[in-house]
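*Asks:* Sequence:
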Amino acid sequence: MLFPLKFDKPAVRALNLRLMTELVRKILSEALGRMGVSAPERIEVEVPREESMGDIATPLAMSLARTLKRPPRKIAEEIVEKIGAILGLAGGAEGDFEKIEIAGPGYINFTFKRESLYRSFSGFLRQGEAFFRKDIGKGRKILIEFVSANPTGPLHLGHGRGAALGAALSNLLAAAGFKVTREYYINDAGRQVGLLGESVFARYQELFGIAYPFPEDGYRGEYVIDIARGIAQAEGDRYKGLEFASPNSDYFANTACAMMLAVIKTDLEGFGVAFDVWQSEKELYDKNEVPGTIEYLSQKGFVYEKEGATWFKATLFGDEKDRVMIKSGGQYTYFASDIAYHKKKVDGGFDELINIWGADHHGYIPRVKAALEALGYEKERLKVLLVQIVSLLRGGKPVQMSKRAGEFVTLREVIEEVGADTTKFIFLTRKADSHLDFDLEVAKAASAENPVYYVQYANARINSIFRNAAEKGFTVDSDSLGRAGLSPLSEPEETRLIKKILLYPAALEAAVQAREPHRITYYLQELAGMFHPYYNRHRILADERELSLARLSLCMGVGLVLKDGLRLLGVAAPEKM
RNA sequence: GCGCCUGUAGCUCAGUUGGAUAGAGCAACUGCCUUCUAAGCAGUGGGUCAGGGGUUCGAAUCCCUUCAGGCGCACCA
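Read in order, the letters of the first sequence correspond to residues 1058 to 1634 in the numbering used here.
Where hints are given, some of them may not hold.
[To be verified] With a straight-line cut-off of 25 Å between C-alpha atoms, the simulated DSS-like cross-links for lysine-lysine are: (1) Lys-1156 <-> Lys-1170; (2) Lys-1236 <-> Lys-1436; (3) Lys-1357 <-> Lys-1344; (4) Lys-1620 <-> Lys-1488; (5) Lys-1195 <-> Lys-1401.
[Stated by the list, open to error] What follows is a list of derived Cβ distance ranges for each label pair: (6) Ile-1422 <-> Trp-1335: 17 to 25 Å; (7) Asn-1593 <-> Asp-1494: 30 to 38 Å; (8) Gly-1420 <-> Asp-1494: 18 to 26 Å; (9) Glu-1498 <-> Ala-1571: 30 to 38 Å; (10) Ala-1366 <-> Asp-1283: 32 to 40 Å; (11) Val-1456 <-> Trp-1335: 29 to 37 Å; (12) Asp-1417 <-> Leu-1373: 20 to 28 Å; (13) Gly-1375 <-> Glu-1548: 53 to 61 Å; (14) Val-1334 <-> Ser-1120: 40 to 48 Å.
In case anyone wonders, no lab produced these hints; they're calculated from the structure.
The model shown is predicted, which means the values in this text are computed figures rather than measured ones.
Ideal placement from N, C-alpha and C gives every residue a C-beta, glycine not left out.
Sequences are here, hints too, so could you generate the full structure?
*Replies:* What follows is the structure in C-alpha cells.
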C-alpha cells in the first residue's frame, strides 16, 4: 500500500534535510512501486562526500542489482525515469530539485534547488528548537544509571568519563522525546563500607594518640583522615579507645559513607552533572527487597542450594556458570542486591535500561542479563555501555597512581587544573569503548588550540557580530532574521553552511539511535570548522544592508545549532571569550 | 587456556551501521591582525586502515585466522 504523495504540504515544503531525505525515500519507494519492485524496509540514503555529487544520494540501485539480476545502472535509469513521471504528476514538487542524476557504479544523486534550501533554512529560524527535534522516543521511559561509584573514596577520572557520557546521553535522549530518569546507585551496604568505617575509625583513634591497627585492605587515602577529623570535631573524643564493634562500627560506617557521598555529590555538581534518583543499596535490604527477589526466583525454580550457599541458575540463561547469591557464611553477595536492584528498575515501568559501566565490569553483563530474563524480561531491555579505561598522562608520561597508598588524581583535581568544559569535551570526543589517553599538559597547555574553545569561539564570535549589528540598527533575533531574504547569499560557503545546518537534526537522530553523544561533538567541530573560514573571508556586516541581513540570518542559524549542541553535551556556550 | 574491547597519518582520534578518490585536530614548515574577537584564517607534506585468507557488484566496516595492547574469567566489590 503506497502512501499518498503530497509534496506541497507545508510540513514537507518548509522543513529540513532530514525531511528532505524522507522526501527522497518516499519518492524512491513510490518509483519502486511503479516498477513492481518491493522496496526494502529502509531505503539507504547518504550525504555524498563530494559536493558535486549532489545533496543526497542513494546506492539503492546497486543493492537491488542482485535480486533483480540486472545491471545497477539500468535499474537506476528506470528509477529516475519513474521519478520524472511522479514529479510531473505531483505538481510543484519538481520545484525542489535542481537535478537528479546517475553517477558512478549506479548511485542516484539528488540536488536540491538553492531556493528550496533557503526556504527550509528560514523555516528553521522561525521555528527555533522545534526544528531540531524529532520525537523518536514517543514518551518511552528510559532509566539511565551511571557513575554509581562506591562511596568509599572520591571520584577519579574514569568516573568523570562515565559522568560526562551519561549526562550527555540523558540530555540527548530527553531532547529526542524519551522520558529519561538519571540514576546513581549507591553501594552503601556490605563489606566495603564497613572497611571504610574501620579505616576512619583507625584514623580517628590516631588523632587522639591511640595506635589502632589499620585494617589490612583499608582505605589509605588522605580523605579518610579528613573524615576522621570531621567526626572528631562533631563528636569529640567519645569514641576514643573503644573497640570497633556495633553500634560504634555502624555509626562510623554510615557517617563516613554519608560524608563521602556528600563529597561525591559536590564534585558531580561542580562537573555540571545532575541525577534524578540516588538509589541506596542499603534501602533495598531495609525494605526486604533482596530476600524478596531471591524468594521470587526460587518460586520460579531458578535457585538451588549447594555447599551451604544459595545459587542462581544463571547458566539457564546463557551465562557461563551459576552464581552465588548467598554465601555459605550467610552474607549476600553484591550480585544478590544487584538482581533486586534491576528488578526494581524494570518494575518501575521502564521500557529500556541503560547502564554505563567501567569496561572492567564487562564480565558481569551476562549474569545481570540472565537475572533479568529469569525475572521475566527480555534481556534486550538492558543495554550496557562500557566505558574504557582513562589513562592519565602528564606531558606524555603516565601519572603514577597507587591505589594501595591511596594516591590517585581525583576528578576534582583534574577539573580544577583544566576546567570542567574542557574535561567533558575531551571525554565526549571519543566513543565510549575506545581507550582514552588524557594528557593534562595537552588538555591545559594546549588550551589555545583545544577543540572545545574552537567550537565555543565560533559562537562567541557570532554573538560579537550581533552586538555590533545591534549598534548599527539591525534587529537581531531569530524571528525577524527568519523573515530576511536569503537571495543575496551567493557564496558557495554560504550554501554549504546552510546545508550543514539543515543536517543537524539528522546528526542528532544518528547520535540518539546509536546512543553515541560523541557524534554531536564531531558535528559541532565540523560546523565551527566551516564557520571560521567563512567569517575570515567574508564580512558579515557588509556594505549593502540586504546582504548583511542575509548573512546575519546565516550566523543566527549557526549560533542556534552550536548553542543547542553544546547544551546537549553539557558544555557552556559563553557569549564572550 | 577461555571471553570482551581496541589496533586507521609521527601523536590523539573520527569514519553516517557494507558504498564513490579513507577524514579531522595536534605536531612540522610557510604566510596573514589600522576593517565584525588571531582561542582565528590561508597554504604544504604525511596512509600496506596491524598481517593473511574469505564472503560480493563493492570491505576500514561482516566471517575465519595470526600478531600486539588493555580488561575480565570469585562463596570480591
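*Asks:* Now tell me if each hint is right for this structure.
*Replies:* Okay, the hints, checked on the actual structure:
1. Lys-1156 <-> Lys-1170: With a Cα-Cα distance of about 8 Å, the restraint between Lys-1156 and Lys-1170 holds, given a limit of 25 Å.
2. Lys-1236 <-> Lys-1436: Roughly 20 Å between the alpha carbons, so the hint for Lys-1236 and Lys-1436 holds.
3. Lys-1357 <-> Lys-1344: Cα-Cα ~22 Å, so holds.
4. Lys-1620 <-> Lys-1488: holds, 22 Å
5. Lys-1195 <-> Lys-1401: holds, 23 Å
6. Ile-1422 <-> Trp-1335: 17 to 25 Å: Once the Cβ atoms are compared, 24 Å apart, the range 17 to 25 Å for Trp-1335 and Ile-1422 holds.
7. Asn-1593 <-> Asp-1494: 30 to 38 Å: With Cβ atoms ~32 Å apart, the hint holds.
8. Gly-1420 <-> Asp-1494: 18 to 26 Å: This hint holds: roughly 24 Å between Cβ atoms.
9. Glu-1498 <-> Ala-1571: 30 to 38 Å: Roughly 32 Å apart at Cβ, these two residues keep to the hinted range, so it holds.
10. Ala-1366 <-> Asp-1283: 32 to 40 Å: With Cβ atoms ~39 Å apart, the hint holds.
11. Val-1456 <-> Trp-1335: 29 to 37 Å: holds, 30 Å
12. Asp-1417 <-> Leu-1373: 20 to 28 Å: holds, 26 Å
13. Gly-1375 <-> Glu-1548: 53 to 61 Å: holds, 58 Å
14. Val-1334 <-> Ser-1120: 40 to 48 Å: holds, 45 Å
This entry satisfies every hint, going by the numbered hints stated previously.
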